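Asker: Residue strings, one per chain:
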Amino acid sequence: MPREAEPSLSERTFVTQALEEGLRVDGRKFDQFRSLELTFGDEYGVAEVKFGKTRVLAKVSAEVTVPYTDRPFDGVFTITSELSPMIAPSYEVNRPSMEEVLLSRLLEKTIRRSGALDTESLCLIAGQKCWSIRVDLHVLTHDGNLTDCACLAVVAALRHFRKPDSSIEGETLTIYTSAEREPVPLSWLHSPFCVTFSFFGEEGEQILVDTTWLEEQLRVSTCTYSINKHGELCQIAKFGGAALDAPLFIQCATGALNRSKELTDLVERKLADDAKRRDKGGFMAELTAENDR
Amino acid sequence: MASEAVFVLPGDQIDPSLIPSHPKKALRLGPGLRHVPPNDILPTLAGQLITDRQKNAIRVENAGGRYQPRAGELVIGTVHHSAAEVYYVNLSDYTTPALLPQLSFEGATKKTRPVLAAGALVYARVALANKHMDAELECVSSSTGKSEGLGPLTGGMLFSISLGMARRLMMPKSVLEGKIAVLEELASAGLQFETAAGRNGKFWVDSESVKTVIAVGRAVQETDEKRLDVDAQKKLVRKVIKELS
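Heads up: the protein sequence lines correspond to chains A and B, in order.
The first sequence maps to residues 0 to 292 in numbering that gives the first Met the number 0.
The second sequence maps to residues 0 to 244 in numbering that gives the first Met the number 0.
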């Protein structure tokens, strides 16, 4: 029976002692994030994010379905996250752990309920046909700060995604393949990002960002802010743990805003790079039969 | 030890000249090799093929994988819980614990045995490792009755390293054969620390100062992850020392 791996007594005391001296085991400062890597796949809508050793892959897909009867003018948008035994044998398939449930609820609140994606634009024929956008989130390795990593991957994948173009003439709906018409990006309204702060010490006076798995096992409390670059808070999640002072809470929100701005810039830059990589030099260049030989 | 180093992939043909042929001793196959009757030997792992002509043994070494206990190896384990006569000790995550009898410590009797809480670290030798049984550990040499450096590890910090790195660190001549210079360099730079390496991919460091522990642990981990050679290790040590001062 696989068990959750727990840190030993030595590790517990050492990490606590080091934090009291202002040191982290991986040599970072308290407010320093791990090196971040965002890569897009060859297909549209695939994004992979690495925060140090934490690695998450998000894949977006679209299909035409019937809209919900109570929402005839809205498309369908779902985010499915799965923590598989690939991360650690203690995660079981088809039995969502607490962590998995919290993660999917957080993503749901951050991205779906904050209206980041304009679901009305997914409607094709009111009450009959609409696009169903589905994001599959795969956690490949877990070394702490999963929420932030997952949120970034989902947002980046959705921004990168292109759905097939469609047109309506009278009663007929036509979906074009990518060869017939260039696929179109989703109607995206704002990009919220999750930023998690972890609190250590007896009164939560040490605030750490981007914690590793070892640190996460020892923290006394945690708080996740979902915020976009305009400073609009989508949600704050603090599930139990030690109580926090109000000034600390505000201070963290400011930190979250700065991080969110950085992440927005990063995603924009990476999307621009990716677009440049895909651009073969216009329509004529694509049609030409000339090749390297 | 004969040191012909050949890289093999699973299913590769092994050059017959690399298979030792001792007139008296039987051929011993180590991990990563499989005997296919009547007389074929096939690698089942990718790694370096090591031939030991004196012991008439042959094996494949690689850096990855999960730790499997083998008798005689030194390991660092975490006490999971204590039962009537034994401690249950975890050697690696998500595997069945090994058993450490409470009396197999130096000078331990029924009345004077060390009390280890859950989560305590022990440096132990694998005494017994059979295929379908839980492994057994000991913290005392059964022949001399001395601890020989084994026993509970108090304080310090535990770092995870790859199995290959652990093997290199524990070589008798780790500088020459294992190409590990980082610890010697750190020590000669004036840092004072104590280390213990376990074959199960654990590396324990203790020192008076927290900074030194972190510096040593990270230097070893970085050497492992980036596969640094001796020169790069020396460079890394210079960087670490500069950051410390």
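Quick caveat, the hints were computed from the structure, so don't treat them as lab data.
Computed from a prediction, not measured in an experiment: that's the story for all the values here.
Some hints could be false.
[Said to hold, decoys possible] The calculated lysine-lysine pairs, modelled on DSSO-like cross-linking and capped at a C-alpha distance of 30 Å, are:
| id | chain 1 | residue 1 | chain 2 | residue 2 |
| --- | --- | --- | --- | --- |
| 1 | A | 275 | A | 228 |
| 2 | B | 130 | B | 23 |
| 3 | B | 234 | A | 49 |
| 4 | A | 52 | B | 54 |
| 5 | A | 52 | B | 225 |
| 6 | A | 128 | A | 108 |
| 7 | A | 49 | B | 225 |
| 8 | B | 225 | A | 269 |
| 9 | B | 172 | B | 54 |
| 10 | B | 130 | A | 28 |
| 11 | B | 23 | A | 49 |
| 12 | A | 28 | B | 54 |
| 13 | A | 228 | A | 108 |
| 14 | A | 52 | B | 145 |
| 15 | A | 275 | A | 58 |
| 16 | B | 233 | A | 28 |
| 17 | B | 241 | A | 28 |
| 18 | A | 49 | A | 228 |
| 19 | A | 237 | A | 275 |
| 20 | A | 49 | B | 210 |
| 21 | B | 110 | B | 54 |
| 22 | A | 28 | A | 269 |
| 23 | B | 145 | B | 172 |
| 24 | B | 23 | A | 52 |
| 25 | B | 238 | A | 52 |
| 26 | B | 210 | A | 52 |
[As the list claims (entries may be wrong)] What follows is a list of derived Cβ distance ranges for each label pair:
| id | chain 1 | residue 1 | chain 2 | residue 2 | range |
| --- | --- | --- | --- | --- | --- |
| 27 | A | 97 | B | 39 | 46 to 52 Å |
| 28 | B | 175 | A | 235 | 54 to 60 Å |
| 29 | A | 38 | B | 178 | 41 to 47 Å |
Glycine included, every Cβ here is placed at the ideal spot set by N, Cα and C.
Asker: None of the hints should be skipped; say for each whether it holds.
Answerer: Status of each hint after checking the structure:
1. Restraint check for residue 275 of chain A and residue 228 of chain A: satisfied, since their Cα atoms lie roughly 24 Å apart, inside the 30 Å limit.
2. Only pairs whose Cα atoms come within 30 Å are accepted, and residue 130 of chain B paired with residue 23 of chain B is accepted, the gap being roughly 27 Å.
3. Restraint check for residue 234 of chain B and residue 49 of chain A: the C-alpha separation of about 27 Å stays at or below 30 Å, so the hint holds.
4. Pair hint residue 52 of chain A plus residue 54 of chain B does not hold up; C-alpha atoms about 41 Å apart against a cutoff of 30 Å.
5. For the hint pairing residue 52 of chain A with residue 225 of chain B, the CA-to-CA distance comes to about 14 Å; that is within 30 Å, so the pair holds.
6. The suggested pairing of residue 128 of chain A with residue 108 of chain A holds, with an alpha-carbon distance near 26 Å, which does not exceed 30 Å.
7. For the proposed pair residue 49 of chain A and residue 225 of chain B, the alpha carbon gap of about 17 Å is at most 30 Å, so the pair holds.
8. At roughly 26 Å between alpha-carbon atoms, residue 225 of chain B and residue 269 of chain A fall within 30 Å of each other, so this suggested pair holds.
9. Restraint check for residue 172 of chain B and residue 54 of chain B: satisfied, since their Cα atoms lie roughly 19 Å apart, inside the 30 Å limit.
10. A distance of roughly 46 Å separates the Cα atoms of residue 130 of chain B and residue 28 of chain A; the hinted pair therefore is violated under the 30 Å criterion.
11. A distance of roughly 55 Å separates the Cα atoms of residue 23 of chain B and residue 49 of chain A; the hinted pair therefore is violated under the 30 Å criterion.
12. With a C-alpha separation of about 51 Å, the suggested pairing of residue 28 of chain A with residue 54 of chain B is violated against the 30 Å cut-off.
13. Distance hint between residue 228 of chain A and residue 108 of chain A is fulfilled; the C-alpha atoms sit about 17 Å from each other, no more than 30 Å.
14. Among the hinted pairs, residue 52 of chain A with residue 145 of chain B is inconsistent with the structure: their alpha-carbon atoms are about 41 Å apart, more than 30 Å.
15. Restraint check for residue 275 of chain A and residue 58 of chain A: satisfied, since their Cα atoms lie roughly 21 Å apart, inside the 30 Å limit.
16. Distance restraint check for residue 233 of chain B and residue 28 of chain A: the Cα-Cα separation of roughly 25 Å lies within the 30 Å cut-off, and the hinted pair is therefore satisfied.
17. Taking the CA atoms of residue 241 of chain B and residue 28 of chain A, the gap is near 17 Å; set against the 30 Å cutoff, the hint holds.
18. Of the supplied pair hints, the one linking residue 49 of chain A and residue 228 of chain A holds, its CA atoms being roughly 21 Å apart against a limit of 30 Å.
19. Between residue 237 of chain A and residue 275 of chain A the alpha-carbon distance is near 40 Å, which puts this suggested pair outside the 30 Å criterion.
20. Using a Cα cut-off of 30 Å, the hinted pair residue 49 of chain A and residue 210 of chain B holds, with the two alpha carbons roughly 27 Å apart.
21. A threshold of 30 Å between alpha carbons decides the hint, and for residue 110 of chain B with residue 54 of chain B the separation of about 43 Å lies outside it, so the pair is violated.
22. A distance of roughly 26 Å separates the Cα atoms of residue 28 of chain A and residue 269 of chain A; the hinted pair therefore holds under the 30 Å criterion.
23. Distance restraint check for residue 145 of chain B and residue 172 of chain B: the Cα-Cα separation of roughly 24 Å lies within the 30 Å cut-off, and the hinted pair is therefore satisfied.
24. Note on residue 23 of chain B and residue 52 of chain A: the hinted pairing is violated, with a Cα-Cα distance of about 50 Å set against a maximum of 30 Å.
25. Under the criterion of a C-alpha separation no larger than 30 Å, the hint pairing residue 238 of chain B with residue 52 of chain A is consistent with the structure, at around 23 Å.
26. Our distance criterion of 30 Å between C-alpha atoms is met by residue 210 of chain B and residue 52 of chain A, whose separation comes to about 23 Å.
27. Look at residue 97 of chain A against residue 39 of chain B: about 51 Å separates their beta carbons, and that is inside 46 to 52 Å.
28. Between residue 175 of chain B and residue 235 of chain A, the C-beta spacing of about 57 Å keeps the proposed range 54 to 60 Å intact.
29. Between residue 38 of chain A and residue 178 of chain B the beta carbon distance is about 33 Å. The supplied range of 41 to 47 Å is therefore violated.
Violation of the numbered hints given earlier is confined to hints 4, 10, 11, 12, 14, 19, 21, 24, 29; the remaining hints are satisfied by the structure.
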